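**Student:** Quick mapping for you: the protein sequence lines, in order, are chains S and C. Under the working numbering, think of the first position of the first sequence as 1, with each following residue one higher. Under the working numbering, think of the first position of the second sequence as 110, with each following residue one higher.
In short, the hints are calculated from the structure, not lab data. All values derive from a computational prediction rather than experimental measurement. Where hints are given, some of them may not hold.
Here are the simulated SDA-like cross-link-like pairs (lysine to any residue), alpha carbons at most 25 Å apart as the crow flies [what the hints assert, rightly or not]:
hint, chain 1, residue 1, chain 2, residue 2
1, C, Lys190, C, Leu343
2, C, Lys257, S, Gly89
3, S, Lys74, C, Ser363
4, C, Lys265, S, Ile51
5, S, Lys26, C, Lys372
6, C, Lys372, S, Gly89
7, C, Lys265, S, Gln20
Label pairs and their in silico Cβ distance ranges [claimed, not checked]:
hint, chain 1, residue 1, chain 2, residue 2, range
8, S, Leu105, C, Lys265, 34 to 40 Å
9, C, Met228, S, Gln24, 30 to 36 Å
10, S, Gln24, C, Lys188, 40 to 46 Å
11, S, Leu105, C, Gln170, 24 to 30 Å
12, S, Phe71, C, Glu198, 58 to 64 Å
13, S, Ser86, C, Leu233, 33 to 39 Å
14, S, Ser86, C, Lys265, 49 to 55 Å
15, S, Phe71, C, Phe266, 40 to 46 Å
16, C, Ser363, S, Phe71, 26 to 32 Å
Every residue gets a Cβ at the ideal spot worked out from N, C-alpha and C, and that includes glycine.
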Amino acid sequence: MEEPKIELDDLEVNQERLKQNTIQLKNLRVYGSLNAGIIAGILGMDGWIGIGIYVAIFLIVSACLAIKMNFKVKEYFKSSYDAYYSGIGTDLLLFLMIWVIFHNLVNIL
Amino acid sequence: MSDILIDDRIRDWVFLPIIIVMFMIQMFRGLLTKYMDNRKTAQKVTSKAQVAEMIDKNITQQSQRLARLHGLLPDQSFKMKRAYLCDHEQGILTKASQKPAKDPMQSMSMMNPVAMADMLKQNLSGIVFMALQYQWVSYFFSGFVIGKVPFPLTQKFRTMLQRGVDVQNLDVRYISSISIYFVLLFGGLQKIQQLMFGDDTDEFVDDTQMQMQMQMMGMPTMPSFGQQNDPGKLFIAERTRLEGVKHTFELNKSSDKALKSLKRFLIQ
Numbered sequence: 001m002e003e004p005k006i007e008l009d010d011l012e013v014n015q016e017r018l019k020q021n022t023i024q025l026k027n028l029r030v031y032g033s034l035n036a037g038i039i040a041g042i043l044g045m046d047g048w049i050g051i052g053i054y055v056a057i058f059l060i061v062s063a064c065l066a067i068k069m070n071f072k073v074k075e076y077f078k079s080s081y082d083a084y085y086s087g088i089g090t091d092l093l094l095f096l097m098i099w100v101i102f103h104n105l106v107n108i109l
Numbered sequence: 110m111s112d113i114l115i116d117d118r119i120r121d122w123v124f125l126p127i128i129i130v131m132f133m134i135q136m137f138r139g140l141l142t143k144y145m146d147n148r149k150t151a152q153k154v155t156s157k158a159q160v161a162e163m164i165d166k167n168i169t170q171q172s173q174r175l176a177r178l179h180g181l182l183p184d185q186s187f188k189m190k191r192a193y194l195c196d197h198e199q200g201i202l203t204k205a206s207q208k209p210a211k212d213p214m215q216s217m218s219m220m221n222p223v224a225m226a227d228m229l230k231q232n233l234s235g236i237v238f239m240a241l242q243y244q245w246v247s248y249f250f251s252g253f254v255i256g257k258v259p260f261p262l263t264q265k266f267r268t269m270l271q272r273g274v275d276v277q278n279l280d281v282r283y284i285s286s287i288s289i290y291f292v293l294l295f296g297g298l299q300k301i302q303q304l305m306f307g308d309d310t311d312e313f314v315d316d317t318q319m320q321m322q323m324q325m326m327g328m329p330t331m332p333s334f335g336q337q338n339d340p341g342k343l344f345i346a347e348r349t350r351l352e353g354v355k356h357t358f359e360l361n362k363s364s365d366k367a368l369k370s371l372k373r374f375l376i377q
């Protein structure tokens, strides 16, 4: 990931690098929720445990991101909330879809 | 409630085909819009109404830019620019806001054939495919149970998830094929497509998803958002906004800022 030079200034426009970083983060989250769906589906998890797996894998992905950034969130993203926690709802539908598909493929059909 | 055993053939001939077909239609839609975008030529401004529209749009853009970036201008320049726009008798914004409200029929730009073609293209690559897939799935694959959702649901979902299956006591977790269609539709095959195709399809994809959701909520989508029936109000709002701007030239603060960022840089 590239390092954006964000200055704490209301006039300053964030560079293209921030956009690249967020695109990478979005891709990463999609991979994460895909994997979470596959795991939840194959293991036959039920109900709330499945959603717990999604949250757990989401947090694991955020933790790996933190390690990769050497914990200096401000250099790569606007805020730590943005980088770690913000997108949890948007990929939930994707997770549900993959979970339903794999659960059916492996356990039922 | 004992578990229902579902035939292998349902998986081979129903479940997987629905997924594969929907995914392929999604990719086909992406390619189709790319193709149509490549063939779009630049619109020529032909009619006088369009010229007036462009002028209004440019005026609002100019005033918004001024309101946003005022810190880059020294005091005198900012005052001059603001006076050009907001002056009581001669300012552009005051003159524009005194124009009569446009005829709502004309301002819809449905009369404009190019915009109409645009709308048709968007509809085609969005709604038509959705309706087509729905018809296909509900015609061929209705009347039986196709799978099970992993989470427990209340009885209220029964009508939505078990369309066509009329067994009353069946567990709500068993779903019919149309619900797989909905899960796939909302779940975001688009995101997987984005993963595979990179960020070219970024802007388009967001657009149709948003458009689909808006049409489902019953709101009409206008292809051009700036078309309001009363542009006078818009200009008055812009004018009040500009007049309320507290202007400071950023250069005055720049030495402090440079000190701050130098300190930050040296500390690291």
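**Student:** Run every hint past the structure and note whether it holds.
**Tutor:** Hints versus structure:
Only pairs whose Cα atoms come within 25 Å are accepted, and Lys190(C) paired with Leu343(C) is accepted, the gap being roughly 19 Å. Between Lys257(C) and Gly89(S) the CA atoms are separated by roughly 23 Å; this keeps the pair inside 25 Å, and the hint holds. For a cut-off of 25 Å, the pair hint linking Lys74(S) to Ser363(C) stands: about 22 Å separates their Cα positions. The suggested pairing of Lys265(C) with Ile51(S) holds, with an alpha-carbon distance near 21 Å, which does not exceed 25 Å.
Straight-line distance between C-alpha atoms of Lys26(S) and Lys372(C) comes to about 33 Å, which puts the hinted pair past the 25 Å bound. Only pairs whose Cα atoms come within 25 Å are accepted, and Lys372(C) paired with Gly89(S) is rejected, the gap being roughly 38 Å. Between Lys265(C) and Gln20(S) the alpha-carbon distance is near 43 Å, which puts this suggested pair outside the 25 Å criterion. Take Leu105(S) and Lys265(C): their Cβ atoms lie about 27 Å apart, and the range 34 to 40 Å is violated.
Between Met228(C) and Gln24(S) the beta carbon distance is about 34 Å. The supplied range of 30 to 36 Å therefore holds. About 44 Å separates the C-beta atoms of Gln24(S) and Lys188(C), a value consistent with the hinted range of 40 to 46 Å. Separated by about 52 Å at the C-beta atoms, Leu105(S) and Gln170(C) break the suggested range of 24 to 30 Å. Distance hint for Phe71(S) and Glu198(C): a CB-CB separation of about 60 Å, consistent with the stated range 58 to 64 Å.
Between Ser86(S) and Leu233(C) the Cβ separation comes to about 34 Å, which falls inside the hinted range of 33 to 39 Å. With their beta carbons about 31 Å apart, Ser86(S) and Lys265(C) fall outside the hinted range of 49 to 55 Å. Taking the beta carbon of each, Phe71(S) and Phe266(C) are about 44 Å apart, inside 40 to 46 Å as hinted. For Ser363(C) paired with Phe71(S), a C-beta distance near 31 Å keeps the hint of 26 to 32 Å intact.
Hints 5, 6, 7, 8, 11 and 14 from the list above are not met by this structure, while the remaining hints are.
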